[in-house]
Amino acid sequence: MNVWAFSTWLVPYIGALLALLLRKLGKVRDVIAVLALAVSAFSSIPLLMEVLSSPERVVHESFPWIPSLTVNVGVYVDPLAGWMALIVAWLSFLIGVYSFKYMEHDPGLTRYWFFFDFFVGSMLLLVLADNLLLMFLGWEGTGLASYSLIGHWFTDEDEKCVGDIGRKALGVPMWFTPSHSGLRALVFTRLGDVGFILGIGTLYYFTGTLSIPAIAEHVGEWAAPLAKSGLLFPFLLAFSLGAFAKSAQFPFHEWLVTAMTGPTSVSALIHAATMVKAGVYFLLRFSPIFMLAAHEVEAAAPQVHAFFATVALIGGFTAFFMATQALVARELKLILAFSTASQLGYMFLALGSAGLIHEFPLGFLAGFSHLMSHAIFKASLFLAAGAMIHAVESKYVDDMGGLSKYMKWTFLSMAIAVLSLSGVPPLMGFWSKDTIIEVAKESGMLLPYLFGVVTAALTAFYSLRMLIKAFLFEESENVRHLVEHHHLHEAPGLMLIPYLSLALASLLIGVVWPVIGPGLLESMVNHVLGIEEAFHPEIHLDPALLATSLTMVAIGMGTAWYLYMTRSGLQVVTSIQENKVLKSLQDFLYDRWYINSIYYLVIVNGFLAVSRLGYKYFDTLIIDGFYHRFIPWITERASTLGFAKFETPIIDETYHNRIVKLFLKVGSAVRKLQTGKINHYLLIFILGLVLILIYLVWV
Amino acid sequence: MELIIWALMLVLGGFGLVLPTLDYLKKTKLSPVLSLAAAAVATMLTAYMIPMRPQTLFNGAIRVDHFSSFLAFIASLGAFLVIAASLDQAKDWTTAPSLYSLMILALLGVYFILFVADATVLISSWALVAVASYVLVGIKKDERSLEGAAKYAIMGIASSSFLIYGLALTLGVLGTTSLPWPTADLVVDWHRYVLIVGAFLLVASFSFKLGVVPFHGWLPDVYGGVHPLLVSYVAGVIKLIAIGALIRVVTPLVPSIRAEWVTGIAVLSVITMFYGNLAALVQKNVQRMMAYSSIAHAGYILIGFYALAYSGIPYKLGFQGIGLHVLTYVLAKIGIFVGLAYFAKKGFDLTLEGLSGIGRKLPVTSAAFTILLLSLMGMPPLLGFWSKFLYLFNAVIDVAPWLTFLGIVNSGISVGYYAMVLRYMYFSEPSDADVKEGDEMELYVVLTAAVLTVLIGLGIAPKIATIFSP
Chain P
1 MNVWAFSTWL
11 VPYIGALLAL
21 LLRKLGKVRD
31 VIAVLALAVS
41 AFSSIPLLME
51 VLSSPERVVH
61 ESFPWIPSLT
71 VNVGVYVDPL
81 AGWMALIVAW
91 LSFLIGVYSF
101 KYMEHDPGLT
111 RYWFFFDFFV
121 GSMLLLVLAD
131 NLLLMFLGWE
141 GTGLASYSLI
151 GHWFTDEDEK
161 CVGDIGRKAL
171 GVPMWFTPSH
181 SGLRALVFTR
191 LGDVGFILGI
201 GTLYYFTGTL
211 SIPAIAEHVG
221 EWAAPLAKSG
231 LLFPFLLAFS
241 LGAFAKSAQF
251 PFHEWLVTAM
261 TGPTSVSALI
271 HAATMVKAGV
281 YFLLRFSPIF
291 MLAAHEVEAA
301 APQVHAFFAT
311 VALIGGFTAF
321 FMATQALVAR
331 ELKLILAFST
341 ASQLGYMFLA
351 LGSAGLIHEF
361 PLGFLAGFSH
371 LMSHAIFKAS
381 LFLAAGAMIH
391 AVESKYVDDM
401 GGLSKYMKWT
411 FLSMAIAVLS
421 LSGVPPLMGF
431 WSKDTIIEVA
441 KESGMLLPYL
451 FGVVTAALTA
461 FYSLRMLIKA
471 FLFEESENVR
481 HLVEHHHLHE
491 APGLMLIPYL
501 SLALASLLIG
511 VVWPVIGPGL
521 LESMVNHVLG
531 IEEAFHPEIH
541 LDPALLATSL
551 TMVAIGMGTA
561 WYLYMTRSGL
571 QVVTSIQENK
581 VLKSLQDFLY
591 DRWYINSIYY
601 LVIVNGFLAV
611 SRLGYKYFDT
621 LIIDGFYHRF
631 IPWITERAST
641 LGFAKFETPI
651 IDETYHNRIV
661 KLFLKVGSAV
671 RKLQTGKINH
681 YLLIFILGLV
691 LILIYLVWV
Chain Y
1 MELIIWALML
11 VLGGFGLVLP
21 TLDYLKKTKL
31 SPVLSLAAAA
41 VATMLTAYMI
51 PMRPQTLFNG
61 AIRVDHFSSF
71 LAFIASLGAF
81 LVIAASLDQA
91 KDWTTAPSLY
101 SLMILALLGV
111 YFILFVADAT
121 VLISSWALVA
131 VASYVLVGIK
141 KDERSLEGAA
151 KYAIMGIASS
161 SFLIYGLALT
171 LGVLGTTSLP
181 WPTADLVVDW
191 HRYVLIVGAF
201 LLVASFSFKL
211 GVVPFHGWLP
221 DVYGGVHPLL
231 VSYVAGVIKL
241 IAIGALIRVV
251 TPLVPSIRAE
261 WVTGIAVLSV
271 ITMFYGNLAA
281 LVQKNVQRMM
291 AYSSIAHAGY
301 ILIGFYALAY
311 SGIPYKLGFQ
321 GIGLHVLTYV
331 LAKIGIFVGL
341 AYFAKKGFDL
351 TLEGLSGIGR
361 KLPVTSAAFT
371 ILLLSLMGMP
381 PLLGFWSKFL
391 YLFNAVIDVA
401 PWLTFLGIVN
411 SGISVGYYAM
421 VLRYMYFSEP
431 SDADVKEGDE
441 MELYVVLTAA
451 VLTVLIGLGI
461 APKIATIFSP
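As you go down the protein sequences, you meet chains P and Y in turn. In terms of my numbering, the first sequence has 565 at position 565, counting the first letter as 1, and numbering is strictly consecutive. In terms of my numbering, the second sequence has 250 at position 250, counting the first letter as 1, and numbering is strictly consecutive.
There may be inaccurate statements among the hints.
[Stated by the list, open to error] Label pairs and their computed distance ranges (CB to CB): (1) Y:T466 / P:S62: 12 to 22 Å; (2) P:Y695 / Y:A433: 31 to 41 Å; (3) P:H305 / Y:I313: 27 to 37 Å; (4) P:Y594 / Y:N285: 30 to 40 Å; (5) P:V3 / Y:K284: 15 to 25 Å.
Because the hints were derived from the structure by calculation, they are not lab data. Note that CB positions come from ideal geometry on N, CA and C, so glycine has one too.
All chains should be built: construct the whole structure from the sequences, respecting the hints.
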């Protein structure tokens with residue numbers, strides 16, 4: 001048995017339990033919780049080494065759990081899972097160290113650490129699992145932890161909310177309390193999970209197994225029948241729906257925005273570096289298998305291509321769409337949240353394009369390497385943002401300004417990370433984003449490619465805008481006030497070191513990328529489940545493409561610099577506020593394209609109305625209608641009929657008066673007798689039975 | 001085996017008959033403790049019976065097999081938990097001795113329905129349980145309990161008459177009162193139609209207890225209005241007779257009426273799931289919401305009965321799914337209703353608003369309560385996930401994928417209201433009321449149910465399923 005493979009994901013779970021048991025011990029509990037993360041991080045290294053050094057490049061351990069359903073507890077670690085686990089475990093550990101300081105004195109620490117470690121365990125389980133059931137367990141576990149951590153500050157104080165208090169768009173409130181946001185996250189991602197479960201069920205139905213390697217091996221068993229009936233495309237969409245929701249792709253993106261009500265350390269870990277990547281990981285894991293299906297089953301190819309095209313389109317659109325919202329955002333964390341969803345869109349774009357181009361592994365690597373580089377610099381950005389929000393006691397960038405003087409190291413770290421995010425060479429973010437734009441271009445789909453290129457400019461603009469507004473702009477009222485009272489300090493070491501080291505990592509890896517890149521990429525792609533042919537990646541720069549993307553970055557950064565750092569630019573900014581058309585455009589972006597309002601107006605209210613209506617309809621219309629309308633009506637019909645046939649006074653009297661009266665009398669008598677509406681209940685009982693019997697016997 | 005049945009009759013029946021007389025006359029307070037002991041003994045005896053070889057006893061009046069003794073065990077466990085909870089809950093009720101006596105007498109009746117091997121035994125034990133449960137519901141004697149009891153009784157009478165009529169028709173065709181009915185391949189022509197009518201009359205009367213739409217009318221009022229402690233007994237113990245009777249009395253008829261069975265059960269299941277879940281979505285009162293959730297769960301269980309019309313894997317998974325989901329349901333509903341009774345005792349209003357921030361005030365009970373809600377929701381790895389997704393829904397995936405689909409869609413809808421409860425419990429500002437969890441029985445009952453739900457969910461569930469499956 002491979003110890004590392006199990007300790008990597010099991011120890012955080014144990015840490016979660018210990019945090020619960022040691023809740024009375026204060027600091028000891030926190031240390032233990034972080035130690036569990038450290039053990040996991042240090043186990044992930046030998047695990048990866050073992051994977052890369054084994055001849056098959058895989059560690060597969062499995063023990064029967066539920067024999068009758070052929071479900072195992074097992075890990076399947078190929079290079080993809082190994083690298084991913086390494087990233088997740090190390091980021092979790094660093095962010096754990098950061099939150100040790102950041103969350104100090106919080107009253108809900110037991111809850112915090114329990115869910116934090118529980119999350120890490122679940123995330124690693126989802127990465128390492130060798131079967132769909134176990135993967136789903138981890139998947140749901142991360143969701144559960146995410147909901148509770150989003151609502152960590154459940155007391156819903158105003159300063160913990162996301163959005164401007166009191167702001168409404170189309171009559172729908174645009175500020176969100178932590179508890180409300182938790183509920184939103186749960187509902188949005190659960191919608192996607194319904195598709196995921198359906199997909200798992202379908203695979204099990206065709207192959208009789210839940211094991212992921214087995215599903216890859218018997219790809220024809222499920223792909224062929226689905227492709228023949230034309231259901232492969234809908235199946236792939238449904239199966240990946242959970243991934244779209246988890247990675248906040250349009251139209252599920254709304255939950256991630258408001259998830260920012262959680263503590264910043266949580267936003268960094270769950271809503272930037274790891275959990276939201278689970279959707280991308282899902283695609284990395286399964287898209288090679290989908291490609292196998294396209295190769296082995298002839299009828300499957302067009303449908304698989306349609307699926308990848310959809311992924312590319314949605315990814316590209318999400319990248320663009322979320323970046324536009326980041327342009328005007330005023331809350332530091334919101335800028336980063338929009339940016340996260342936008343970058344996730346880039347990864348989806350890469351994987352979607354991968355399925356359309358000649359060399360699938362190239363697109364795969366583009367997505368995977370961007371996942372890694374983004375995880376590093378975005379975690380750094382979020383952690384730094386947490387320190388800044390803490391220092392200036394406000395979530396708005398407008399309340400910052402001039403911080404470079406007071407928080408030098410934070411400024412340095414943020415500047416590096418921002419350059420990486422903008423895609424400035426030679427930082428890590430440049431390399432990975434450039435490959436994505438390259439594969440998007442190769443895919444032959446114009447629209448996603450355009451989205452990718454334009455987004456590069458938007459990204460550069462909003463990142464630099466954020467940096468300028470927070471650090472270089474003249475000091476705001478708030479900052480001056482804090483400086484006067486000597487309240488403004490650099491972040492303490494325990495918080496600073498994690499984000500500074502992440503930023504430096506992003507710089508260093510980027511600098512040496514041309515040297516180490518090919519070897520690293522090769523170890524990440526070869527022998528991954530479903531990728532059979534060896535691939536030899538190389539670092540090359542297409543001059544035309546390089547010129548395009550650098551121009552875009554320059555345009556974005558130049559505009560930001562002009563608008564916020566020069567006097568004439570600032571006048572332009574003011575004039576935008578005065579121009580009606582531009583102002584309404586700004587509001588449109590600020591209110592997130594009104595999509596949130598539309599959801600509330602149409603879906604939330606609509607669904608409530610439908611179920612209320614259904615309830616009312618059933619209760620009043622059908623029952624009352626039947627009782628008060630149908631029965632009298634049928635009696636009347638019967639009596640007219642009878643009248644025509646037997647025209648005698650007695651029968652007339654009977655039909656017209658006695659029976660009708662009898663019904664009414666019985667009705668009112670029973671009504672008076674009963675406190676509720678039991679007559680109705682019995683009526684449904686008997687009618688229901690009679691209807692069913694009639695249906696079964698005569699139809 | 002016969003000895004065990006005698007022992008059960010003596011312990012439950014004897015105590016049930018003697019205790020109230022003693023307590024009322026001598027003013028003693030023996031019933032709570034002795035009833036609890038009786039339920040404990042019954043739980044152990046029934047657990048002991050599960051692995052024993054199936055036997056027919058008392059000249060063919062009853063037959064004990066793995067599944068029926070498994071259900072009997074769940075019923076006894078449920079009764080034990082509810083009686084334990086009532087030690088604190090019903091302390092000051094004037095009717096307490098009758099309450100305990102009714103609980104253990106009804107439990108005895110439940111056994112006989114589960115073990116029934118002759119139609120005549122079915123009628124008499126059905127009457128015993130039915131009457132006991134009507135009284136039980138109204139025993140608190142406040143207005144809403146009485147209202148619920150009256151509705152329950154009136155509908156019960158209707159359903160019992162269907163039971164007798166259904167039995168009569170079925171007997172007429174098959175010509176014997178002994179159960180299980182002989183497999184009737186010879187049923188032809190109009191006999192078949194009579195059999196269909198008979199079988200569905202039986203289905204109607206049994207699913208009345210289960211809360212299947214359209215036979216559910218009483219359920220929201222009883223589950224939603226009566227004291228939650230009493231509801232936990234009705235939901236967690238009495239309801240098992242419907243499952244037992246359906247398995248014993250109706251499913252042997254399925255081979256003769258397969259086509260109609262499949263259609264009829266599918267229709268009932270789908271409307272029940274949708275009605276229960278949609279109605280629960282608009283409830284503001286948590287107790288009433290849980291009543292509608294019970295209806296929805298009756299719909300899920302019917303999916304298992306749908307699978308029983310087939311042979312091989314669907315049959316096996318369906319059968320095991322019914323057993324496991326009953327366990328899920330009983331643990332969760334007893335825990336939840338006892339929990340609600342506890343919340344009410346602590347002065348909380350049982351509406352969503354009323355439970356605001358209760359997670360802060362009563363952390364342990366709320367955590368256990370949450371686990372049970374999540375289990376009903378089907379969150380892995382809790383017991384409810386196994387029974388609902390991997391057994392019930394999985395059972396019909398080969399024969400009726402659309403039914404699996406509708407089941408999953410319904411599970412999706414149900415998240416809406418379960419999550420709403422959790423939201424209010426944890427993410428709302430608590431009231432200023434000063435309450436603390438004490439060393440009280442209700443707390444342990446809810447905790448036990450939650451711990452069992454987690455433990456069984458961690459991989460024991462499939463083992464349990466193999467113990468009772470045929």
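To see whether the hints hold, each was checked on the structure:
{"no.": "1", "hint": "Y:T466 / P:S62: 12 to 22 Å", "result": "holds (21 Å)"}
{"no.": "2", "hint": "P:Y695 / Y:A433: 31 to 41 Å", "result": "violated (53 Å)"}
{"no.": "3", "hint": "P:H305 / Y:I313: 27 to 37 Å", "result": "holds (35 Å)"}
{"no.": "4", "hint": "P:Y594 / Y:N285: 30 to 40 Å", "result": "holds (35 Å)"}
{"no.": "5", "hint": "P:V3 / Y:K284: 15 to 25 Å", "result": "violated (52 Å)"}
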